[in-house]
Amino acid sequence: MEASLPVSLGQRGFGADLRALWAVMRREWVIFTRYPSWVIALFIWPVIFPMLYILTARALAGPDGSGMAVFMEITGASDFIGYIVIGTTVWMWQNIVLWDVGFSLRNEQMRGTLESNWLSPTWRFSYLLGHTGPQVVSMFMFFSITALEFGLMFGVRLNGSVWMILLTALAAIPSIYGLGFAFASLVITVKEANAFVFLIRGMVMIFCGITFPISLLPGWMQSIAKWLPQTYLIHGMREAAFSNAGIRELAPDLIPLLLFGTFWLVVGYFTFLWMERRARRTGAIGQY
Amino acid sequence: MEMTSLSQPNLKAQLRALYVIALKDWKVFWRYPLNAVSNIFQPIIWITPVYFMGKAFSTNGQALGFAAYSGTSDYMSFILLGTVLTNFILTVFWGMGYALKNDMDAGVLESNWLTPVPRLLILVGRTLSSLLVTAITSAIMLAIGAALFGFQPTGNTWAAFLTAIPMLIGLYGFGFAFAAVVLLMREANTLVDVSSFLVQGFSGTNFPVKSLPTWLIPVALILPLTYGLDAVRGLLLRTDTLLPLPAEIAILIVFMFVMVWFGAWVFNRVERRVRTLGTLGQH
Chain A
1 MEASLPVSLG QRGFGADLRA LWAVMRREWV IFTRYPSWVI ALFIWPVIFP
51 MLYILTARAL AGPDGSGMAV FMEITGASDF IGYIVIGTTV WMWQNIVLWD
101 VGFSLRNEQM RGTLESNWLS PTWRFSYLLG HTGPQVVSMF MFFSITALEF
151 GLMFGVRLNG SVWMILLTAL AAIPSIYGLG FAFASLVITV KEANAFVFLI
201 RGMVMIFCGI TFPISLLPGW MQSIAKWLPQ TYLIHGMREA AFSNAGIREL
251 APDLIPLLLF GTFWLVVGYF TFLWMERRAR RTGAIGQY
Chain B
1 MEMTSLSQPN LKAQLRALYV IALKDWKVFW RYPLNAVSNI FQPIIWITPV
51 YFMGKAFSTN GQALGFAAYS GTSDYMSFIL LGTVLTNFIL TVFWGMGYAL
101 KNDMDAGVLE SNWLTPVPRL LILVGRTLSS LLVTAITSAI MLAIGAALFG
151 FQPTGNTWAA FLTAIPMLIG LYGFGFAFAA VVLLMREANT LVDVSSFLVQ
201 GFSGTNFPVK SLPTWLIPVA LILPLTYGLD AVRGLLLRTD TLLPLPAEIA
251 ILIVFMFVMV WFGAWVFNRV ERRVRTLGTL GQH
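Sequence order for the protein chains is A and B. Residues in the first sequence are numbered consecutively from 1, following this note's numbering. Residues in the second sequence are numbered consecutively from 1, following this note's numbering.
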């Protein structure tokens, strides 16, 4: 009789872990769609954030557009709007992941549900991983809407291969989300971590060349930029989207992205394990 | 002996309530000192890409295109000043709408609402501590801006300060109306972010509104903040203004009265509505 018992969440197994993961993903999707303002976020953010820099660029170019020629020459870009949109969209991606995935456990802690969830006999990493699924889907929608809106409203054309753009985005997923996992685990320990989000996204903003080529940075700043995966992502995306680059041309960006991705995934997972053990030992899980 | 308490509302009691609300927020803010540090550096971080982007548009270190629009090639002082004023604008937006959302999430909105303190006063109280913090952090930010980007105001600081006051008071009206929307929609982040970003963009925080595409200029011109930012810059940096300065100041004073009345009216109606529906405590 015992052998015929259903494998439930109370008896851990691969199937039960997957079921737990699915349950978390479904819950997150329901919460995401429950607040209608996500529609605003999805349609308005892709335009208004880059717009601030695009309009500043217009002002810097002057009424006769003389500054634009200088910018085109320095950046080597053929389309200044597209150039800025790629940089700012990558910044938004990292920013959204830090807030969404990075604060997923913290939000549960604030709602008072983290402890009770932690007590259930489920795979605990599924709480973090489950949060990522709907996030990736919503980000895919975000990118598609960005391309559509800038294509329709500003005539930005992606001259490169869509497959190369997708490949570059896929190569960046491990580092972007790995950083999110590590961050989510730290937030449980340090609580109010807004300042850390500001620090990380600030580094991306300053060092990775979201609106300018990193060659304009002083030497020491360029050295820091080389240690940030978003630098390679922004460069690779611009190459893939506007220069018709193939895998060979993209390799100098794809390889570092994959290496950084492996590093951040490992760091993210082990930080989670460390936090999980520490939080249970110190009883910090329910504190906020 | 007569006791004056909050249950017998008078001016003194209301002021005490304001002080207590502000003190509570002040304590909460300084409980997380890293947030204070980030408040100082955050705006600097946001404008750094513009600094380098400006270099990509400059010839021999001079942003000549920018000067043709604004009357000054010192685009970093122009943007730094816009950023400081925007900090105050955001404080009013965040201070009220976001505070309401926080109270909803923490489950204390209903109990706060039961206290014999006017609701608009609670909203104003939630911004006081942030305004003080913003003043301190902005001053430090300008000092850092002066060291890093050469911020150098050459005009009349007091006249600029006095001009900013009606603009800020008018913003409270904006904030009241916005808090009402948060009460209705119960989700503040996106609303706060998007609306403040749009207002910030169209009122010319980072660029002279003359450089906007022609079809967007009317949007900028109907925002009273445009005249506020323009007048303060005109007084402090001696940039070219859109209208003569007395006209811009008159617009700001009218805006102050109209917005405070309108915002309070909208908030009171919506607040009554959510109490009738019983959705005040939902989030």
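The hints are simulated quantities; they were obtained by calculation from the structure and are not laboratory data. Backbone N, C-alpha and C fix where the C-beta goes; we use that ideal spot for every residue, glycine too. One should not assume that every hint holds.
[Stated by the list, open to error] Non-contacting residues of chain A with respect to chain B, defined by C-beta distances greater than 10 Å in every case (computed):
(1) Gly15
(2) Asp64
(3) Val70
(4) Thr75
(5) Arg111
(6) Ser161
(7) Gly202
(8) Thr211
(9) Trp227
(10) Trp274
[Unchecked claim] Cut-off 25 Å, straight-line C-alpha distance, at most; resulting in silico cross-link-like pairs (DSS-like, lysine-lysine):
(11) A:Lys226 / B:Lys55
(12) B:Lys12 / B:Lys24
(13) A:Lys191 / B:Lys24
(14) A:Lys191 / B:Lys55
(15) B:Lys12 / B:Lys27
Structure-based check of each hint:
1. Gly15: holds (35 Å)
2. Asp64: violated (7 Å)
3. Val70: violated (6 Å)
4. Thr75: Non-interface label fails for A:Thr75: nearest chain B Cβ at 6 Å, not farther than 10 Å.
5. Arg111: violated (8 Å)
6. Ser161: holds (27 Å)
7. Gly202: Violated, because the least Cβ-Cβ distance between A:Gly202 and chain B comes to about 4 Å, which does not exceed 10 Å.
8. Thr211: violated (5 Å)
9. Trp227: holds (18 Å)
10. Trp274: Answer for A:Trp274: holds, closest chain B Cβ roughly 21 Å.
11. A:Lys226 / B:Lys55: holds (21 Å)
12. B:Lys12 / B:Lys24: holds (18 Å)
13. A:Lys191 / B:Lys24: Holds, at roughly 19 Å.
14. A:Lys191 / B:Lys55: violated (39 Å)
15. B:Lys12 / B:Lys27: holds (22 Å)
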